[in-house]
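There are 2 protein chains.
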Amino acid sequence: MIYLDYNATTPLEQEVTEAIVTALTDAWGNPSSSHEAGIKAKEVIDNARQNVASMIGTIPSNIIFTSGGTEANNMILQSAIEYYKQHYNDSSTDIGDTINCLPHIISSCIEHPAINEYLKYLQHSKQAEVSYVPISSTTGRLEVTDVIKHIKSNTIMVTVMLANNETGIIQPVKEICHSVKSLVRHEGETQNILVHTDAAQAIGKISVDIRELNVDYLTVVGHKFYGPRNGAMYVKGLDSNDVPLYPMLYGGGQERSYRPGTENTGMIAGLGKACELVSLNREVYEKTMLECRNYLENKLEEYFPGRVHFNGKFEGTERLPNTCNVSILGEKYHGYKVLSRCKILQASVGAACHSQNKPSSILLAIGIDESIARNAIRISVGRSTTTADIDRIVEDIYQAIQSIDQE
Amino acid sequence: MIYLDYNATTPLEQEVTEAIVTALTDAWGNPSSSHEAGIKAKEVIDNARQNVASMIGTIPSNIIFTSGGTEANNMILQSAIEYYKQHYNDSSTDIGDTINCLPHIISSCIEHPAINEYLKYLQHSKQAEVSYVPISSTTGRLEVTDVIKHIKSNTIMVTVMLANNETGIIQPVKEICHSVKSLVRHEGETQNILVHTDAAQAIGKISVDIRELNVDYLTVVGHKFYGPRNGAMYVKGLDSNDVPLYPMLYGGGQERSYRPGTENTGMIAGLGKACELVSLNREVYEKTMLECRNYLENKLEEYFPGRVHFNGKFEGTERLPNTCNVSILGEKYHGYKVLSRCKILQASVGAACHSQNKPSSILLAIGIDESIARNAIRISVGRSTTTADIDRIVEDIYQAIQSIDQE
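Chains as they are written, first to last, in my numbering: chain A, 1 to 407; chain B, 408 to 814.
This is chain A alone, in the form it adopts within the complex (with noise of 0.2 Å):
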């Protein structure tokens, strides 16, 4: 079997898993316990810290460690919300009766249910008020003006993912944030709104630099990056208390009692030295990846002449080096079908827990045309892919596509 499916999860670095053994065994101790033991702990931790904030370019403090992406994405949403009761909804303060409604926060259309499905909740539960701003068809990715447009007087946070996991498409996050933080408000308007990036699936694949995107906050997301299931987040000057961030839960105080719970320490060691890889090999993991989906896309119009779609493929877009998600042209080769067919190609039709029998909400967003979408498969590489494995499963999606003709 080729796995060819680095999008929806990665297996862990041979370092990374020795890191997680070394401060399994090593490193058990309770970071909290003011022993031997426990400082061992919390100097892995410190290091796996340093690590993740010198991977996108800022400061330890900076970083707060979570279980995940989800739980990182859902905690910045949520503290947006809590930010804004404090700030510019309690009958205590005086700023006028504008923006005494609930607060607005702004997404688009092609998130991750980890955002997608919180802000669902945050609109039901009657929390906030969301604007999903649409995707242009031309481009295939989320425009700057039209993120602009939806922007209110209460509106609190903007939240885009920085590349799409379906599609590779690059959001222009950097762009976004700069138009957003340019603006001038005014007096009953929101100071300050902040900008989100989940940056899962960039990470690892293109360059991340908060000194560059100048977003407020940033999810990293260590299965995506051959690390763990585990997870952190930027904030934006916590200790000084530049951006707000609340807790979800209350306990023991770890994470400067952002977030409690004694620590993982064996998932932080791991998260740590897969951010130290990514760090020292970004640019040649980039290169081998972007050599590798680009030979497969070239074969796969070889083999497949005029019959091919490249549904994450726009003049002048950018896309993530590793991801093709492609439609095989044709009436009978739904993308679940071709993949069952497939004897050696480990793919999938859009994100891991989509359903298989519609076409990907994502590619319908983007503009493209729900025959097209329904045929679609994401075929991810990852850094030891080889054009040798490209080989085998272009020509196993051949024989695939022959089969079903033969039906």
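None of these hints come from the bench; they were simulated from the model. Every value quoted in this text rests on a predicted model; they were computed, and no experiment measured them. Every residue gets a Cβ at the ideal spot worked out from N, C-alpha and C, and that includes glycine. All clues given are correct.
Beyond 10 Å from chain B on every Cβ pair, some chain A residues (computed):
1. Gly57
2. Ser61
3. Val130
4. Glu212
5. Arg256
6. Glu286
7. Phe310
8. Lys313
9. Asp389
Computed list of lysine to aspartate or glutamate pairs in EDC-like fashion (alpha-carbon distance at most 16 Å, straight line):
10. B:Lys533 - A:Glu82
11. B:Lys706 - B:Asp796
12. A:Lys152 - A:Glu189
13. B:Lys533 - B:Glu489
14. A:Lys126 - B:Glu489
15. B:Lys559 - B:Glu594
16. A:Lys343 - B:Glu443
17. A:Lys358 - A:Glu370
18. A:Lys358 - A:Glu331
19. B:Lys750 - A:Glu36
20. A:Lys337 - A:Glu407
21. B:Lys720 - B:Glu704
Footprint (simulated), chain A over chain B, 3 or more residues, beta carbon under 8 Å:
22. 525-531
23. 625-639
24. 664-673
Fit chain B to the known structure of chain A by using the hints.
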């Protein structure tokens, strides 16, 4: 160094580490993926869920994996609040005015911060009314009659830890549950008072069986019984909605949408293995630890005749087999001071996150004099602690006391 702080955290059993490494290496696929890599991961999780369930005498569908005990405890409390909101405090339902107020939760004043701090948050945010039942200074534990006295028409939950982390004192959870469930509730009162127990310190040390306890919710914390830093919760009849559970996080639908986020397969596999070991060996662990702890207490009395006070020892009250909370009597023998003079003993003055210079609030709550509480040292033995270790650390404490005397 001799580590005798097993109530703070435990090392991982070799087999647990192996289970984690095997899962990280062989079952790293996304459990939601429909291809082989995903199916393998799902099997590992199913197997672990079976092991957690078996350990506490229930079925796998009543188990939800969480990132740890803090999350489990918080989520269970929040579920009670949400349930009350939806059933007793919704303006659209008419159940009479009597309980149209805040939900009431009963707890003890010796709970872990993961309960205690969340309760404070609920009070502070005006989501709940909380009663902290005092501890009997005769028995050192929470008494059933005292719990029952605090029940009101709007009581929705009783949450009491199964065994205290500092003293090892076992609380009468089974009896509390029985009494609470036997109450005749009148119209205008909550009809079902939910009972939760945090079994963090009890599992692996004493028998913990749902069929006996009959609680609605129970919290499992891996790292207290030689497992990893994740956790699980038992929820009675979850699939048939016997008792309510509401998610705190929203995302990709994992854990039947109660706890979304890509499953931490490695940690889950480790937790499953740790539970399996407890199912197989708990009685042996209990016996070994009990012998060691009793040997320790005899030795301490021998070394400091008439000068030791065992803070968790009350006539007729059961204690965990591994915990010895001891004060060496004398004005200068503050717990933190004694420990700082010890050369080989790694122990603590109380919970890991407890401030060193104040007497433990837990000890004060059970009626220990401030002058004695200030001197407390919590020594908690583990599965592999030997009487030879005890000999060495008692001598170590003796030397520490001598060095203080010679100041």
